[in-house]
Amino acid sequence: MTTSKRNSRKQQSWVPGVLIAIAIAYLFLVQYIPTINLFFEAFKTGFTPFLSNLTKPEFLHAAWLTLLLALISVPSLAINFQDAL
Amino acid sequence: MLFVPITAMFLKASTEPPAKFWEIATNELALSTYNVTFVTSLLAALLNGVFGTLIAWVLVRYDFPLKQIIDATVDLPFALPTSVAGLTLATVYSDNGWIGSLLAPLGIKVSFTRLGVGVAMIFISLPFIVRTVQPVLQEMEHEIEEAAWCLGASQWQTFWKVIFPPLFPTVLTGVALGFSRAVGEYGSTVIIASNTSFEDLIAPVLIFQRLEQYDYSGATVIGVVLLAISLVLLLGINFLQAWARRYDNI
Numbered sequence: 001m002t003t004s005k006r007n008s009r010k011q012q013s014w015v016p017g018v019l020i021a022i023a024i025a026y027l028f029l030v031q032y033i034p035t036i037n038l039f040f041e042a043f044k045t046g047f048t049p050f051l052s053n054l055t056k057p058e059f060l061h062a063a064w065l066t067l068l069l070a071l072i073s074v075p076s077l078a079i080n081f082q083d084a085l
Numbered sequence: 001m002l003f004v005p006i007t008a009m010f011l012k013a014s015t016e017p018p019a020k021f022w023e024i025a026t027n028e029l030a031l032s033t034y035n036v037t038f039v040t041s042l043l044a045a046l047l048n049g050v051f052g053t054l055i056a057w058v059l060v061r062y063d064f065p066l067k068q069i070i071d072a073t074v075d076l077p078f079a080l081p082t083s084v085a086g087l088t089l090a091t092v093y094s095d096n097g098w099i100g101s102l103l104a105p106l107g108i109k110v111s112f113t114r115l116g117v118g119v120a121m122i123f124i125s126l127p128f129i130v131r132t133v134q135p136v137l138q139e140m141e142h143e144i145e146e147a148a149w150c151l152g153a154s155q156w157q158t159f160w161k162v163i164f165p166p167l168f169p170t171v172l173t174g175v176a177l178g179f180s181r182a183v184g185e186y187g188s189t190v191i192i193a194s195n196t197s198f199e200d201l202i203a204p205v206l207i208f209q210r211l212e213q214y215d216y217s218g219a220t221v222i223g224v225v226l227l228a229i230s231l232v233l234l235l236g237i238n239f240l241q242a243w244a245r246r247y248d249n250i
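So the protein lines, in turn, are chains W and B.
The numbering of the first sequence is my numbering, which starts it at 1 and goes up by one.
The numbering of the second sequence is my numbering, which starts it at 1 and goes up by one.
Pulled out of the complex, with its shape left as it was, chain W reads as follows (with noise of 0.2 angstroms):
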């Protein structure tokens, strides 16, 4: 009986592996491709570009409203919760 059991679930043991090759195969369709391309995309045509790209004014500007404008709203909604509770 326990062989037999022991048998009929190595059978069965290419169930993880399939499971983790589907589990993956969406994960790199949905996410890992576009994000690799993202990368790509950016240092196709070298560093120097990206670089420029990354210190002109307009970029900095946009980076900073962001930045600053995150840091205040997520602390004043943890102060909130903490409020509430």
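Errors might be hidden in some of the hints.
Here are some chain W residues pointing at chain B (derived, C-beta under 10 angstroms) [to be verified]: (1) Phe-40; (2) Leu-65; (3) Thr-66.
Cβ pair distances, simulated, as ranges [said to hold, decoys possible]: (4) B:Ser-154 - W:Trp-64: 28 to 36 angstroms; (5) W:Trp-14 - B:Asp-75: 28 to 36 angstroms; (6) B:Phe-164 - W:Ala-25: 18 to 26 angstroms; (7) W:Asn-80 - B:Asp-215: 30 to 38 angstroms; (8) B:Leu-211 - W:Leu-69: 17 to 25 angstroms.
No lab work stands behind these hints: they were computed from the structure.
No residue lacks a Cβ here, since even glycine has one placed at the ideal position from N, Cα and C.
Following the hints, put chain B in place on chain W, whose structure we already have.
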């Protein structure tokens, strides 16, 4: 924070007489955008319900190389600004992109069609399902499964009849969260869609177009309709959850 903006929106929308309100809310273009937004979001959330549960299952139950890294990268859509996500998804799934070029010979166009809207919604809602299901799966007691095995249930029977029923409400919660996120998604869908009326124009973009035409009350009317539909759907999902949990207290 929450009620003042919503009240202001209702007040602005109610400046339109009811007949006019109804006309704006149900004109053909508005109806087609509701269809695109809600049907596509629902399909994306349901697909992620299946695959997100599978990913959560794999992450909790099996060991494989790079598992920690994969577990961490599930949250990627939270970290990536939505417009960046839209940009890169549109590139990858366009006719000469990495994945799009493989699909193009089969006659499948993804970027700049409704399918692309779906891809963006799948991208953005996946972590909600995985992160909702994962902790519950982790907490589940192993003894129940072992009991099922001892009683002679096959692996499939153990999953389908023992593990899945108590997990189902959680999957529904995840799907509901992902769905509402996909409905509100603007940044990535506006880039990956061509925003052609009656084809892949989503409701949030229609609101933006109305605003650009200085049609503020028209925009708020559609906003109110979206809010109402979302509320009704969330209520429905809550009832569904209550129904799925009906045996919890026995």
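Would you list, in rising numerical order, the hints stated earlier that this structure does not obey? 2, 4
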